[in-house]
Every structure is written in structure tokens, then in C-alpha cells.
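Peer 1: Take a look at the letters that make up each chain.
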Amino acid sequence: MNKNMKILVVDDFSTMRRIIKNLLRDLGFTNTHEADDGNTAWPMLQSGDFDFLVTDWNMPGMTGIELLQKVRSDERLKDLPVLMVTAEAKRDQIVAAAQAGVNGYVVKPFTAAALKEKIEKIFERIDKAK
Amino acid sequence: MLKEKTQLLFSYVEQGDLHAAVRVIQDIQETRNQALFNEIGRLTRTLHEAITNFHVDDKGYAASEIQNLSEVSDATDRLSYVLSLTEKAANKTMDLVDDSMPVATKIKEDASSLHDQWVKLGNRAMSAEEFRQLYKEMGEFLGSLAQNTDGLYNNLSEIMVAQDYQDLTGQVIQRVVNLVRDIEKSLVVLVRMASNVDSMTGVQHELQATKEKTTDHAGHGPQIDPNQADVVNSQDDVDDLLSSLGF
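One line per chain: the protein sequences are A and B, in this order.
For the first sequence, counting from 1, position 43 maps to 43 in my numbering; every step adds exactly one.
For the second sequence, counting from 1, position 213 maps to 213 in my numbering; every step adds exactly one.
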């Protein structure tokens, strides 16, 4: 796993962005950037050669699931790994996220260990597929 | 009473006294209106009381201002206050943690380097020069340790104090919850009365079609009852569900 990969963290609450960024830093990822909803994230993704997207679901403007769908239908971004970190815990929603092509799903409140495990799993799978 | 009046009406009509009959009909109507007005008046008062009771404290407001304050907008302000208080506490805690982590890392690194040299000393593999260096470093380490742990201790105790938001926000939220409950109670009475009015006046409503299906895009927010059938309980449940989908 490339520790220098460029990561975009999307959440409408600045404290949650900070928590996720700190946990990522503890895991050795320091190249992190922030956006506060899908509308802010989209132009960044378009121009920013990101390697990994971590997004919340429930946000004003564009939600996380819409952002995910938009990423998957974009020719250049469709293979971008996406981890959803969200308080949304309905079975239908998790199924919908899976169908939309999410790579991992972490429910809030989460632990540092859970976040680490999911990220490792995502990149393990991607490395295997290569 | 209605029965009584109807019988009276019937007998007037039988007798051919139309004036008296019309008077009875007016009586019936008036009684109905009276009951309606009384009920509406009572409800308005209840609603008004529920709203005016929502004053956590009146300090800082002139008497005339209190009259003008919209209690619901006041409730919204209070919730905004909760939002800003929790955000401030979270940031303060994270600042202190950010401040503490490098201190802990430094202590760990120094200790492990000293430990290595200590082992070397135990194995009698240390030169006199190295020993003098170790002695000096050990002194510095012990000196800084007291200072560093003091700093950590202070940060931890500040983190503890930063949790006081729970008390303050809890009180505000409790007030808002009570207001919502009062308003809901009054609304239920209002709805019940509306149905009474309908049955008194014989108005019938067509039932609204079942509520429109909302898309899941907007999100539902945190689930407060994890025991609902369509909600996952934990990260393990999420993982099970995803692996059942082939993840």
C-alpha cells in the first residue's frame, strides 16, 4: 500500500474530517485533503488525481451515495476506491451502497481498528486484482 | 340534549308552528357553534401556554422582549448553541490530543534508546566514554520526564473538563424535547377536535394515498434504535451483510 497516496475525506462535520484525518495519519497516510460535501468534492476529484475517497453519506448539497454514483459513472474516476464512513445503518442503504459499487462500508461510531482493517482490506483486494 | 330538541322540533312541526321550529333549529346550531368555539379557545390557550412555558431562563431579556420572543425560534437558537458547544469541545479535545501525542512519542523513543544502552551496559559491552554519555542522557531524560508527564497530566485534565458540554447541552436539549412534547400533545388534541368538527358537521375526507416513497439518497441519520429489523447492529453486521453480497 502506497503511504503517499492522495486521499480525499468528505464529511460535512469538520470534527469528523479531523478525526478521520488523524486516524489516517496514525496509519501513515499524510497526503489527505478535505471537502465538506459532494458538490465541493466533485471538482477536486475531477482535477486532483486522487487515489482514494473516504466519504460520509448524509451531507447537504450532494450526498455521499450520489457522489459515489457520479464517480462510478465517470470514465476516468470509475475505478477509484471508495470507502463509506457513515451513521447510515439501514440494511437497504448498505445494499444500495454495495450496488453502487462501494469498496468498503464503516458505520459510525467506529473504532480506529475498524477503519484500519477496512482500508487494508480494500487495498489488499486491489493489489490482488492487479 | 339533541334528542330532546329533536322531539321538540318534531312536535312543533306536527303542530304547524314553523316559527318555533326554526327557533329550535337555531338553538341547535348555536349550541354546536358554542361548543366549537369553546374547544378552539381552550386549545389555543393550551398551545400558547406550551409555547410560553419554554423559557429556560428570562435573564437578560426585558419584559417586553420576552413577549416578543418567538419560542420556537428561540428553541432553534438553543439547538445552534448545542451545535457550537459540541463542536468547540471536540476541537479543544483534539487540540489537546494533538499536543500530547508527540510528547508520548518522544518519551517512548528516548526510553527505548536508553533501554538499548542499558542492556549494553548490563552485558558489559560499554566503553567508559559511552557510559559517561549514557549517564548524561539518563539524567536529561529523567529531568524531562517529570516535565513531560506534567504536561500530559495537565492536557488529560483539560480534556476531562472539556466534557462539561454534556451537562450544558443536555439541559438545553431536555428543554427542547419538553417543548416538542407539549406542542405534540396540543396538536394531537387539535387533530382529535378537527375530527369531532368533521363528524358534527358531516364533512368527509378522502383518505390521502399512502405516503410517497422517499428515495434513500437523502439519508436517515444515525439510528437510535439498533433493534429495528431493517437496521444493522454493529460493524460486524455490516461486514456479514456485505460478504453475503459477495464482498
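A portion of the hints provided could be inaccurate.
[Unchecked claim] Short, incomplete list of chain B residues facing chain A, as computed with Cβ under 10 Å:
1) Glu87
2) Asp98
3) Ala146
4) Asp150
5) Leu152
6) Met160
7) Ala162
8) His220
9) Pro226
10) Ser234
[As the list claims (entries may be wrong)] Residues of chain B clear of chain A, computed beta-carbon distances all greater than 12 Å:
11) Lys3
12) Val13
13) Leu134
14) Gln166
15) Val172
16) Val177
17) Val232
18) Leu241
FYI, nobody ran anything at the bench for these hints, they're computed from the structure.
Source: prediction; values computed, not measured.
We put the CB at the ideal spot given by N, CA and C, even for glycine.
Peer 1: Each hint should be assessed against the structure and marked as holding or not.
Peer 2: Quick rundown of the hints versus the structure:
1. Glu87: 6 Å, holds
2. Asp98: Hint on B:Asp98: holds, closest Cβ of chain A at ~7 Å, below 10 Å.
3. Ala146: 27 Å, violated
4. Asp150: Violated, because the Cβ-Cβ distance from B:Asp150 to chain A comes to roughly 24 Å (cut-off 10 Å).
5. Leu152: Because about 18 Å separates B:Leu152 from the closest Cβ in chain A, which is outside the 10 Å limit, the hint is violated.
6. Met160: Since chain A brings no Cβ nearer than about 18 Å to B:Met160, farther than 10 Å, the hint is violated.
7. Ala162: 13 Å, violated
8. His220: Since chain A brings a Cβ to about 6 Å from B:His220, closer than 10 Å, the hint holds.
9. Pro226: 7 Å, holds
10. Ser234: 8 Å, holds
11. Lys3: The claim holds: B:Lys3 sits with its nearest Cβ about 55 Å from chain A, beyond 12 Å.
12. Val13: Correct as stated: the minimum Cβ-Cβ distance to chain A is 64 Å, above 12 Å.
13. Leu134: Fine: 31 Å to the nearest Cβ keeps B:Leu134 off the interface.
14. Gln166: 15 Å, holds
15. Val172: 19 Å, holds
16. Val177: Its Cβ never comes within 12 Å of chain A, the nearest being 20 Å, so this holds.
17. Val232: Nearest chain A Cβ is 5 Å from B:Val232, so the label is violated.
18. Leu241: The claim is violated: B:Leu241 sits with its nearest Cβ about 5 Å from chain A, within 12 Å.
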